[in-house]
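Residue strings, one per chain:
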Amino acid sequence: MTVRVQESDFDVGAELDRLTSSNRRIGGLAVFVGLVRELHVREGYHRDRIDALTLEHYPGMTEAALEEIEAEAHRRWPLEATVIVHRYGRLEPGDRIVLVAVGSPHREAAFEACEFLVDWLKTKAPFWKLEDTPKGEKWVGAHAGDDRAAARWVKK
Amino acid sequence: MKVRYFAWMKRTVGLAEEEVTLPADVTTVGELVAWLRQRSGGHAEALAEGAAFGAAVDKRTVPFDAKLAGAQEVAFFPPFTGG
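Those protein sequences? They're chains X and B, same order as listed.
Numbering-wise, the first sequence is residues 1 to 156 according to the numbering used here.
Numbering-wise, the second sequence is residues 1 to 83 according to the numbering used here.
No lab work stands behind these hints, which were simulated from the structure alone.
Bear in mind that the values here come from a model prediction, so they are computed numbers and not experimental data.
Fair warning: there could be bad hints in the mix.
To be verified - Below, in silico cross-link-like pairs of lysine-lysine (BS3-like), each with a Cα-Cα straight-line distance of 27 Å or less:
#1 B/Lys59 <-> B/Lys2
#2 B/Lys2 <-> X/Lys124
#3 B/Lys10 <-> X/Lys124
#4 B/Lys10 <-> X/Lys138
#5 B/Lys10 <-> X/Lys135
#6 X/Lys124 <-> B/Lys59
#7 X/Lys155 <-> X/Lys124
#8 X/Lys124 <-> B/Lys67
#9 B/Lys59 <-> X/Lys138
#10 B/Lys2 <-> X/Lys155
Using the sequences and the hints, build the whole thing.
This is the structure we're talking about:
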């Protein structure tokens, strides 16, 4: 279980190698890499071009929240290894923002847990995006679709 | 006690953080919000009733009826937009 919050970029290949090295029980890795998009779709139709994105976070709380989400994934699925790397600071279109990788003996658990981690980190980890657009700066608003995605994983 | 603000709330309040000494009748996060609103126009706007924001006490998300007893740091922030 690894959580890192950092300003610098990460190397996906190196992260995955580190995750699987010395663990021969992993039969599948599910990987999500979030990137900065050039266009932001708002309310489904209007588009703003983005020059850059600045991610702010709450040091200390961010790591704790991510560790909690990661621990929850390990309680729900039989996982062998997980890594979450989330960047902050100024990012440009095409830049990597987040890496979530999950290793499990079987693919179903890896796929599901990876999706769960991404859905929950979007709504439970204290990050905020400020967009730099040709029309000026804009704080990204919460997205109802993200709340719905996260709600899928609430235990009834 | 330290109060911190994040994202647009930091800009609206005009402060990233401030030290406050609570009056005896401010015992919950909700009461703290009402009390902070009186500090400036920026506070009143950022913490306005109906504004979408959440709170954390000592770096854990809490509901507004959470008690402040023993809290070192309270933070206010807009909904999270990471990932």
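How the hints compare with the structure:
1. B/Lys59 <-> B/Lys2: It holds: about 12 Å lies between the C-alpha atoms, which stays within 27 Å.
2. B/Lys2 <-> X/Lys124: holds (22 Å)
3. B/Lys10 <-> X/Lys124: At roughly 20 Å apart (the allowed maximum being 27 Å), X/Lys124 and B/Lys10 satisfy the hint.
4. B/Lys10 <-> X/Lys138: Given pair B/Lys10, X/Lys138 holds - Cα atoms ~14 Å apart, limit 27 Å.
5. B/Lys10 <-> X/Lys135: Roughly 21 Å between the alpha carbons, so the hint for B/Lys10 and X/Lys135 holds.
6. X/Lys124 <-> B/Lys59: holds (12 Å)
7. X/Lys155 <-> X/Lys124: holds (16 Å)
8. X/Lys124 <-> B/Lys67: Holds, at about 21 Å.
9. B/Lys59 <-> X/Lys138: holds (26 Å)
10. B/Lys2 <-> X/Lys155: violated (35 Å)
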